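**Q** As a plain string of letters, each chain reads:
2 protein chains.
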Amino acid sequence: MNIGILGSGMVGKALATALVNKGHNVVIGTRDPGKLAEWAATQGENLKISSPSEAAQHAEIVLHATSGQAALQALESAGAENLKGKLVIDISNPLDFSKGFPPTLFVKDEDSLAEQIQRAFPEAKVVKTLNTLTADLMLNPGNLNGGDHTIFLSGNDQDAKNEARAFLESFGWQDIIDLGDITTARGTEMFLALWVRIYGSLGKAHFNIKIVQ
Amino acid sequence: MNIGILGSGMVGKALATALVNKGHNVVIGTRDPGKLAEWAATQGENLKISSPSEAAQHAEIVLHATSGQAALQALESAGAENLKGKLVIDISNPLDFSKGFPPTLFVKDEDSLAEQIQRAFPEAKVVKTLNTLTADLMLNPGNLNGGDHTIFLSGNDQDAKNEARAFLESFGWQDIIDLGDITTARGTEMFLALWVRIYGSLGKAHFNIKIVQ
Numbered sequence: 001m002n003i004g005i006l007g008s009g010m011v012g013k014a015l016a017t018a019l020v021n022k023g024h025n026v027v028i029g030t031r032d033p034g035k036l037a038e039w040a041a042t043q044g045e046n047l048k049i050s051s052p053s054e055a056a057q058h059a060e061i062v063l064h065a066t067s068g069q070a071a072l073q074a075l076e077s078a079g080a081e082n083l084k085g086k087l088v089i090d091i092s093n094p095l096d097f098s099k100g101f102p103p104t105l106f107v108k109d110e111d112s113l114a115e116q117i118q119r120a121f122p123e124a125k126v127v128k129t130l131n132t133l134t135a136d137l138m139l140n141p142g143n144l145n146g147g148d149h150t151i152f153l154s155g156n157d158q159d160a161k162n163e164a165r166a167f168l169e170s171f172g173w174q175d176i177i178d179l180g181d182i183t184t185a186r187g188t189e190m191f192l193a194l195w196v197r198i199y200g201s202l203g204k205a206h207f208n209i210k211i212v213q
Numbered sequence: 001m002n003i004g005i006l007g008s009g010m011v012g013k014a015l016a017t018a019l020v021n022k023g024h025n026v027v028i029g030t031r032d033p034g035k036l037a038e039w040a041a042t043q044g045e046n047l048k049i050s051s052p053s054e055a056a057q058h059a060e061i062v063l064h065a066t067s068g069q070a071a072l073q074a075l076e077s078a079g080a081e082n083l084k085g086k087l088v089i090d091i092s093n094p095l096d097f098s099k100g101f102p103p104t105l106f107v108k109d110e111d112s113l114a115e116q117i118q119r120a121f122p123e124a125k126v127v128k129t130l131n132t133l134t135a136d137l138m139l140n141p142g143n144l145n146g147g148d149h150t151i152f153l154s155g156n157d158q159d160a161k162n163e164a165r166a167f168l169e170s171f172g173w174q175d176i177i178d179l180g181d182i183t184t185a186r187g188t189e190m191f192l193a194l195w196v197r198i199y200g201s202l203g204k205a206h207f208n209i210k211i212v213q
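Going line by line, the protein sequences match chains A and B.
The first sequence lines up with residues 1 to 213 when you count with full-length UniProt numbering.
The second sequence lines up with residues 1 to 213 when you count with full-length UniProt numbering.
Rather than coming from a laboratory, the hints here were simulated on the basis of the structure.
Since the structure is predicted, the reported quantities are computational estimates derived from the model, not experimental observations.
No false leads were slipped in.
Which copy is meant is left open, because identical chains are indistinguishable; a pair holds if it fits in one copy or across any two.
Here are the computed lysine to aspartate or glutamate pairs in the EDC-like style, where the Cα-Cα straight-line distance is at most 20 Å:
hint, residue 1, residue 2
1, 99, 110
2, 13, 38
3, 210, 148
4, 99, 181
5, 210, 178
6, 86, 76
7, 204, 136
8, 204, 175
9, 204, 178
Using the sequences plus the hints, can you model the full thing?
**A** Written out as structure tokens, the structure is:
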């Protein structure tokens, strides 16, 4: 598939590598393509670095993986017309590191970053997922506990959630819980407050939660 | 052991039953003892219903299980002098149901209810734990997944956390992660925002998280 990634940090690059390895055709959209040139040269011909708008234009599915602070601006650069009608998988978290570690959340509890994005781009089909675990595991679930751990879906459009689920299953995800509409992203975004504390205690990011019932 | 429970709701009663079944000597402290008389008569002679101050006086370990809104007032009724130097296991969550379900949190992110309690009662040894799962599982972990699921500890006093850990292990808990000082309770309290969404999706409270690494 043609996938567009917005975000050129650790998360965007980890996603791109996993997607290219799976044979997808990937364009990373960034304001500063030069920054990624050296790394991109190691990823093969199925990866291109371009502008946010070209990445979105290219995409059947858009993965939004910028830092939370940059989210609305990055999606604006991608262009509402290029996101219209498309599945936009939002992986970002509203982390505020301005007071150091652990971060606080700049939106929470009665709103969420996913809702802000959905409101700003009402014709995009925003599905929040994958924001509850470390980048290296997002599209490589089999690298932890034989793939037996949990992720969540939040979104208003059931077809888009089905499309996201199928996409995630193609990477080996088995335990995907649909939490409901986009407001349920408040839950997964606020989980970050616990995630950073577990990270602090275990001294590593290579973990996830499994819902046991 | 002599255990005092503050809180006469679903959580307090579930804890009391589990404690009595294990042979502990329990006093529930409540403003309205009459409310529990009929239920208490079914619990045997190791359970007494009394005032908050008598429950705390009686206790070697205090379990705080009131609703979050009532927390500081209930602990005030118990009396700082009766909490002094004791392990106070705080199970409450800062849930605000004034806008309906799902609840929001009345303190979060840059403070927590556990920290408010520790500040208000500086000579009590507050350890936050068990606030991330449903009442029936708190002291009966074996009733889910053979007991293989996770709880957390947050507190400033290492001896008190060791005491809490031993207490929890005596009920079968095996996977107890020490998150750090009392500020880490922000993480487990904010997890409630995800808990209520998982509860909404699964349609049941009988679940917990397991940290897989």
